[in-house]
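Undergrad: These protein sequence lines map, in sequence, to chains W and B.
Take 1081 as the starting number for the first sequence in this note's numbering and just add one per residue.
Take 1081 as the starting number for the second sequence in this note's numbering and just add one per residue.
The hints are simulated quantities; they were obtained by calculation from the structure and are not laboratory data.
Just to be clear, a hint being listed does not mean it is correct.
Same chains, same names: a pair is fine if it fits in one copy or spans any two.
Okay, derived cross-link-like pairs now, DSSO-like style, lysine-lysine, Cα gap no bigger than 30 Å in a straight line [stated by the list, open to error]:
#, residue 1, residue 2
1, 1327, 1338
2, 1520, 1144
3, 1199, 1429
4, 1462, 1145
5, 1145, 1585
6, 1585, 1338
7, 1133, 1338
Given next are the chains, with one letter for each unit.
Protein chains: 2
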Amino acid sequence: MNLTGQQLIGFSITSSSTLAFQAHSPTTGETLPTLFYQATASEVEHAVSLAQKAFLTFQSIDGKKRANFLHAIAQGILDLGDALLDRYVAETGLPSGRAEGERGRTINQIRAFAQSIEKDDWRRIQLDPAQPDRTPLPKPSLVSWENALGPVVVFGASNFPLAFSVAGGDTIAALAAGCPVLFKAHPAHPGTSEMVGRVIQQAAQEHALPEGVFSMLVDPSFATGSQLVQHPAICAVAFTGSFRGGKALFDLAANRPKPIPVYAEMGSINPVFLFPTTSNQENELFAQGYVDSLILGTGQFCTNPGVLFVSKDSPVIRLIQEKITVSHGGAMLTVDIQKRYERSIKDWKKHVALLGTGQRVDPERMVLPHVFLTDWTSYSQKKNLHEEVFGPSGLIVTVQDTSEFLEIAEHMEGQLTVSLHGTADQLASSLELIQLLKEKAGRLVFNGFPTGVEVSPAMVHGGPFPATTDSRSTSVGLNSIYRFTRPVCFQNAPMLCLPTFIQLKLQNT
Amino acid sequence: MNLTGQQLIGFSITSSSTLAFQAHSPTTGETLPTLFYQATASEVEHAVSLAQKAFLTFQSIDGKKRANFLHAIAQGILDLGDALLDRYVAETGLPSGRAEGERGRTINQIRAFAQSIEKDDWRRIQLDPAQPDRTPLPKPSLVSWENALGPVVVFGASNFPLAFSVAGGDTIAALAAGCPVLFKAHPAHPGTSEMVGRVIQQAAQEHALPEGVFSMLVDPSFATGSQLVQHPAICAVAFTGSFRGGKALFDLAANRPKPIPVYAEMGSINPVFLFPTTSNQENELFAQGYVDSLILGTGQFCTNPGVLFVSKDSPVIRLIQEKITVSHGGAMLTVDIQKRYERSIKDWKKHVALLGTGQRVDPERMVLPHVFLTDWTSYSQKKNLHEEVFGPSGLIVTVQDTSEFLEIAEHMEGQLTVSLHGTADQLASSLELIQLLKEKAGRLVFNGFPTGVEVSPAMVHGGPFPATTDSRSTSVGLNSIYRFTRPVCFQNAPMLCLPTFIQLKLQNT
């Protein structure tokens, strides 16, 4: 596929702007081929108006047809072959194994959604039959189901160029629900985005879907995103990224004349609690697991375990120090992200003791893993240490006694995950702590680390603010479809006025 | 029960304010006995702190125990007997038949919730078993369920002093979910509120629930409501009332440092569409049904059919005129509501033709039903006619041809309900219109009128903004519980660390 650097608007590939940018290799700093043009306001307007026109048709087509569309997207991504993986690696600096793994996860996710909408069980159909003889008043027949919200805006995340980007969970959940998607590509991987975007565009065309079910807009500035979120035809927004970015979108959306929901997953520091250990093997396993989770993908995961609470005399502290000292850094996704990481590290060094630093490989383009050390008293007073550092940086916070975990949990902000390590006995006698932590997180991990978000029905990738702007939802797993639906009820409707899937259900009951 | 006029804070009945007010009879204007004291800021703070402390225990108690608490509330309300109905009638001016009917509906609603939480099916439990042998990585066990959000604020509505007030759908759904409720009583029926509030207070105490699962605060000003909504411990807000009130709460909540969801049901004009009729009997039935729905409860329903779209030559126009002219007015809930209604009518008379007015019974305290008449061209230009007039006022908007319904639907704002009247053939050939209307409403009523909201699983009492601030929810029916929950996931949790209802479920699978 030859990259064009243009906007994907409905079935067109087009550009009217003269402003353009290029992607960079995070490992070499090199400029990568292809000029990417910046979307203009009228291109954005045109894409939204196509989405608006496409909506009524798209949301009412048969689930099987929409499933086939999703299957074609999955196949189309696979058919891009190594070209996609090569561009992914070039744009992100992530290793090719990760690219392949993430592609697999993305494909599985798309297929899982396709499967789940082939039948209409996901629609939560409820049928209340009429009772014409009821006194004092007859009961009408009522039927309700989950219906697509309307056109939605999805923002690509920098750190998952496939799984949380163009054909990632947000886009696929919205399309599965029947919502046209206006996709704002992340400027860190515009080539990867175009390749996948054109697969979706082509699949829509080949499946004779109305033009406008998908458009992709490229813009390194905030203008396109802000225009999209404020457009009256837009019904919801999905975003994965920084607190600053997510909160800005939330505020924009809440202050519209007609407010709309924003599902911003804004990351978290994913606290890990370790109860006292008793064997060297346990300590070894824990320390290795923690460091592996911390430096995985150069620490660029929403579920990166940023803070570890542990007894001040725990042997794992020294083991983590040993392991971090021999660990290697990696490239970060963009120069901006790298600079932010380095600024944070510089700042932290002023406020907290450094326990250890990883090994330098390439002084220009790699960042180093860092682990800092402090105690609960001083941590609780320094609010700047409670903020996420995006990258391979961890903070160990020591307590005099693990009974202090309760106090820590009480003061904790909303998180995507919290992890607890302990024996069955230790955990079973910490039910009050577990109860409290549950109120602060979307997911509680027992004797494991938070990275590696399973895509499965019971997964909750969400959590109380500031982890997300809407704790009632998950952005991973099949339940993420309900971010883009609302219930609709028909009362005493003649059979022919009901959607086909309700007619079928009524005929079978 | 002797009314005290005090705040119900946890298990106390207390008041420290010197500011007080009295309720008035809307029919006679008389001041009703009992001084009601205005909650102070420290009383509000105390109530919230009790709720916060009660939350962890309350949300984790057995569903059956919470169900028994709800059953006791229902029984307690019945046990208040005629004293409750008498005070209801005195404070609202509504007839005693309505009081009794609404009490029945309220009791049924409470019992339906009690029944639904006796088992834990409502929690949407999802179990993904572990696959320890999966390659390349083992799959962890995951379990997720819907968990209570935390303490919530519920505002009583003026127009349903039982069903949307102290023990109304919002309070009961929140308690059923496991959320402590801070109830802000509506100043139009403080006596009715205290009676029901004390029933809840007593039931909580008798069922040994933690103090703070319910508190009721009285305040005719905005201070208490605004303090509650902005309190950091509050996790959600439910409100039924005016657009102005609901939107103000939404804005307050969205601008908190930690934003929270607001479920404001703000009313709607509930458009009715009539296709050409062919028989006198049909016309007669429709006109009578429309006028009955319009003047029911002196037009003080959220689902009052405020606007009727009909062919300019339809015989129902004359029939409605006849029927409205012999209709009777009624008292409105408060002097303020009455004044607002009269101001709106006065204003409308300047902008649109009056088709008919009901008969005057008591010039002082009764308002008259009104029906106005205009055409689509002029309606579409006068935006002030699109706003809800709370009371028995309807507007007939004529079209040249019912094919114009499509254009009307396109320009329509979000509604709680839309009603369509036509033959099976007329409706079946209007699928595009139905599709479009579905996008604008929570409920589509076929050949019926929107008043009379059935409390049943498939009911959706909600709809797109400005009908509500959250179209993804319903405020009537069992699904209204999900306004007060969020999903939580436990990964690889030891059996003893899981909530009891999950342990039971795992033992049975």
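Undergrad: Each hint: holds or not?
TA: Taking the hints in turn, this is what the structure says about them:
Proximity of residue 1327 and residue 1338 under a CA criterion of 30 Å is satisfied in both settings, with 18 Å inside one chain copy and 10 Å between copies. In this assembly of identical chains, residue 1520 and residue 1144 lie within 30 Å of each other by CA distance solely across copies; the values are 26 Å between and 39 Å within a copy. Taking the closest pair of Cα atoms, residue 1199 and residue 1429 never come within 30 Å of each other, the shortest separation being 55 Å inside a single copy and 54 Å across copies. In the homo-oligomer, the alpha carbons of residue 1462 and residue 1145 never lie at most 30 Å apart, since the shortest distance is 55 Å inside one protomer and 43 Å across protomers.
Taking the shortest alpha-carbon separations for residue 1145 and residue 1585, only the intra-copy value of 18 Å comes in at or below 30 Å, while the best inter-copy value is 36 Å. For the homomeric pair residue 1585 and residue 1338, neither the shortest alpha-carbon distance inside one copy (35 Å) nor that between copies (42 Å) is at most 30 Å. Taking the shortest alpha-carbon separations for residue 1133 and residue 1338, only the intra-copy value of 19 Å comes in at or below 30 Å, while the best inter-copy value is 36 Å.
The structure fails hints 3, 4 and 6 (numbered hints given earlier, in ascending order).
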